[in-house]
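Start from the sequences, fold in the hints, and give me the full structure.
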Amino acid sequence: HEPLLRVDAPLWQAQLVETYLLNTINYQTLIATKAARLRDVAGSQTQLLEFGTRRAFSPQGAVWAARAALAGGLDATSNVLAALKLGQKPSGTMAHALVMAIAATSGSEQDAFTTFGRYFPHAPLLVDTYDTIAAVEQLAERVKSGDIEVAGIRLDSGDLVKLSQKVRSLLPKVKIFASGDLDEYEIAKLQIAGAPIDGYGLGTKLVTGNPVNGVYKLVEIDGIATMKRATNKVTYPGRKQIYRQFAEGKISKDRLGLVSESCLTNEQPLLQLVMQQGKSLQKPEPLTEIAQRTAASVAALPDSTRQIHQPTPLLVEISDSLEQLTIDNG
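Residue 230 in the working numbering sits at position 230 of the sequence shown, and the numbers go up by one each step.
Straight-line distance between alpha carbons at most 25 Å, and here's what the computed DMTMM-like set of lysine to aspartate or glutamate pairs gives:
# : residue 1 : residue 2
1 : LYS166    : ASP131
2 : LYS144    : ASP111
3 : LYS162    : GLU141
4 : LYS166    : ASP128
5 : LYS233    : ASP8
To be clear, the hints were calculated from the coordinates, so they are not data collected in a lab.
Structure follows, in structure tokens:
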């Protein structure tokens, strides 16, 4: 295990921030990692929207999830509060409830499309409330006659491959979005099957999942190295640094060592000082820059590590100095 963050502080101060750091870093790392995988599989031209607010663990968690998703490479969020806080434009589609309400009280499914399009002309229409093919066929006739303009449609259920292919044949210039418990594995299957889908709404499997079990451990106090020795939970002692080695633009391996060590040839230290005496040393990065850095970091991974099925873990070596310190404290 490699450290994401190192805190050098008096013990009481370091303990004071433990819970907050773990709470913020673990969950957002989970979401950002998932988002980066989704972007890597979907490709740079596919539009990816964060739709996870209703599935997130709390209102605060939903805002954090939206931020982490954008940092990981998604294009936009449907969470209005998150978009406001982050200086982003929210993006979403219509709801089944609107279609059902208008159809039941004052018209038809097509009337719902007309009404929604009047106020949100660039948002996709949700066409699977009743009969997906029938709805799209009627829309195609209306588009042909000039009765309505359709920027996009969204498929939320059914056979997404067959339905998207049918929609493309009827509305060749309209963008097709898909949603419904999708993840990188499902997107890869849809791509292989030839589904002509332009974008995805991602919710449940983005903002939930197996937790990131990041931990916060004491490794040194008053110059004395410390370590946890419990079975299956052994930690390495001492203040550490990650020394990353590259070859032809790709990460070849990481070397986990002590801060007192020097970089070897072609190595870069990953942990950088960002806060000192309680003061941030850098201005907050814009989300666009974070997303670009994420994409560059993913691109630097070996192809065998980027694959979604049976990926090869990145090679991590333990330095001789750290190995000896571990033996001395064992």
